[in-house]
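Peer 1: For reference, the chains in residue letters:
Number of protein chains: 2
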Amino acid sequence: MKSISCLVTLSLGFLAEQALASCGHGTSLLERNVYTKRDTEGVTKRSVAISTFGYLGTQGPTHWHKLAEKNYACGNGTHQSPIDLNESSATSVRAGKVKIQIPNVESAEFENLGSTIEVVMEGKGGVTTINNKKYDLKQFHFHSPSEHTFNGEHFPLEMHMVHQAADSTISVLAIHFQLCATESTPLLKALKPTLQAISQPGSIAETGPLDFSSLIRKFTSMQLLTYSGSLTTPPCTEGPVFYVASKRFPIDVETYNAIKAIMKFNSRFVQNVAGEKNLLSGL
Amino acid sequence: MKSISCLVTLSLGFLAEQALASCGHGTSLLERNVYTKRDTEGVTKRSVAISTFGYLGTQGPTHWHKLAEKNYACGNGTHQSPIDLNESSATSVRAGKVKIQIPNVESAEFENLGSTIEVVMEGKGGVTTINNKKYDLKQFHFHSPSEHTFNGEHFPLEMHMVHQAADSTISVLAIHFQLCATESTPLLKALKPTLQAISQPGSIAETGPLDFSSLIRKFTSMQLLTYSGSLTTPPCTEGPVFYVASKRFPIDVETYNAIKAIMKFNSRFVQNVAGEKNLLSGL
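Quick mapping for you: the protein sequence lines, in order, are chains D and P.
Position one of the first sequence corresponds to residue 413 (this note's numbering), numbered consecutively onward.
Position one of the second sequence corresponds to residue 413 (this note's numbering), numbered consecutively onward.
The set of hints was computed from the structure by calculation and includes no laboratory data.
Note that the structure is a prediction, hence the values are computed from the model and not measured.
There may be inaccurate statements among the hints.
Repeated chains share a single entry, so a pair holds when one copy, or any two copies, can fit it.
[Said to hold, decoys possible] Derived lysine-lysine pairs resembling DSSO-like cross-links, with alpha carbons at most 30 Å apart:
1. K536 with K457
2. K478 with K601
3. K630 with K659
4. K482 with K689
5. K509 with K457
6. K659 with K536
7. K601 with K659
8. K536 with K546
9. K659 with K604
Based on the provided sequences and hints, a complete structural model is requested.
Peer 2: Here it is, written out as structure tokens:
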């Protein structure tokens with residue numbers, strides 16, 4: 413590897429295309445709209461609608477509750493996510509209490525929503541069982557830097573595996589990644605070859621094979637930290653329960669730099685302790 | 413290196429000691445108070461006062477202006493730092509316009525202020541000349557993740573070299589670091605052996621030799637981005653002029669993880685475009 417590659421930043425731009433059709437899917441709280449479009453050269457391709465919120469200025473987390481009435485909880489909710497995970501803010505769950513079954517897949521849709529990059533897992537048969545209740549894996553996506561902190565420390569990357577049960581309740585399995593010079597997490601490395609194809613907000617590409625087995629084995633063999641919080645993006649709806657891996661998973665430098673170059677910055681600031689006043693309330 | 417080292421976090425705690433004497437120094441806007449104390453075993457040692465602000469909850473950036481009247485600018489100023497650096501927010505300065513002379517030193521005081529880790533350079537003879545005006549290098553310190561973003565992208569670490577002129581005006585030279593598997597920045601690697609000794613907030617240690625030559629050569633050979641902003645910490649005083657390296661410097665995984673384990677999270681959120689309403693004003 414030439415050292416210059418450490419300093420390369422992908423160039424991003426917005427797609428300017430003609431809409432042909434659209435369809436919505438995703439969880440009831442996190443809708444995605446996929447369009448089939450024809451570009452300027454007449455080639456038909458699919459793209460995903462770009463998020464209407466952002467992470468900077470008056471589109472960013474301090475103003476989400478001002479962007480739309482439905483985002484009221486973002487600036488007023490008292491059980492918001494992310495939080496600082498520590499002895500008093502989260503409960504420790506013994507290893508194995510959360511059971512995960514995600515079949516390996518030949519490929520999955522990888523989307524750049526502008527606000528995150530997301531792998532669509534709906535219909536792939538991933539199921540997590542918590543207290544005998546089944547949650548279907550809908551998608552997993554990333555935040556950089558991490559949203560949750562551990563005793564105040566942040567990490568370079570956080571993954572959210574978003575699940576929904578038949579009664580619409582949401583559970584999120586969260587994993588934090590720490591840079592490591594000697595090892596990485598196979599699932600992240602498997603996504604890397606497809607990153608360039610989704611460098612532009614709105615773009616969609618197909619990943620190669622994804623093997624979840626080592627990630628699941630590791631996640632289910634360690635204690636988890638759990639608490640009831642909210643979506644970390646608008647509309648910041650409260651109710652989702654987080655199960656956060658208590659130890660970090662490794663990520664290599666190249667994969668981290670490539671993910672960060674696309675997501676740029678997409679981390680909501682740490683919210684107040686559950687039940688206390690929203691940090692933005694009455695400022 | 414054993415791979416487990418990627419997942420190690422330093423344990424931090426607060427010093428509980430008896431104050432014997434104190435003296436203040438630093439720039440007029442960023443005071444530091446150093447105490448000579450006797451610990452529980454009767455050993456006399458020096459420590460630095462821990463910052464009265466933080467980065468989480470009601471001690472954090474959304475509430476700095478509520479912590480003290482003198483912090484009014486943090487929640488009301490319209491030329492605040494950090495900002496997103498882009499074509500419209502900052503001006504490009506040609507390479508060589510900023511002249512830096514920092515003699516190599518045998519050692520310097522390295523302090524953990526709770527809010528950052530800082531190398532004291534007062535009296536070491538470091539001088540930066542901008543438009544024929546001389547600024548003395550007072551200290552340099554770090555933020556992780558980066559405070560300024562580049563076209564929306566954040567970086568894992570940012571260094572601020574804080575200078576003050578005879579008329580008290582402040583200029584800050586800023587460098588962003590990008591993780592790199594094949595190289596690092598010698599100045600950061602030179603600080604690494606002393607990090608463990610300042611793992612506790614309030615602690616002070618002496619660095620080994622610091623050689624600034626390659627850092628200066630690189631900084632002064634690239635275009636810089638400049639704008640007039642503010643301190644990025646309370647009291648958020650406006651006036652400081654930033655000169656930010658337009659390209660990133662490399663940092664290795666081990667040094668990055670060690671710095672982050674101590675600083676944990678110390679990045680103010682990106683402020684609004686200069687002249688626009690403060691993001692926290694009227695929420």
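Peer 1: For every hint, state whether the structure bears it out.
Peer 2: Hints, verified against the model:
Taking the closest pair of Cα atoms, K536 and K457 come within 30 Å of each other only inside a single copy of the chain (23 Å); across copies the shortest separation is 61 Å, beyond that limit. Taking identical chains as interchangeable, the C-alpha atoms of K478 and K601 are never at most 30 Å apart, the minima being 38 Å within one chain and 44 Å between chains. In this assembly of identical chains, K630 and K659 lie within 30 Å of each other by CA distance solely inside one copy; the values are 10 Å within and 38 Å between copies. Taking the shortest Cα distances, K482 and K689 sit within 30 Å of each other both inside one copy (19 Å) and across copies (24 Å).
For the homomeric pair K509 and K457, neither the shortest alpha-carbon distance inside one copy (43 Å) nor that between copies (48 Å) is at most 30 Å. Taking the shortest alpha-carbon separations for K659 and K536, only the intra-copy value of 27 Å comes in at or below 30 Å, while the best inter-copy value is 42 Å. Taking identical chains as interchangeable, the C-alpha atoms of K601 and K659 lie at most 30 Å apart whether they share a chain (19 Å) or sit on different chains (26 Å). Only within a single protomer do K536 and K546 lie at most 30 Å apart by alpha-carbon distance; the minimum there is 15 Å, versus 64 Å between protomers.
Both within a single protomer and between protomers do K659 and K604 lie at most 30 Å apart by alpha-carbon distance, with minima of 23 Å and 24 Å respectively.
Comparing the model with each numbered hint stated earlier shows that hints 2, 5 do not hold.
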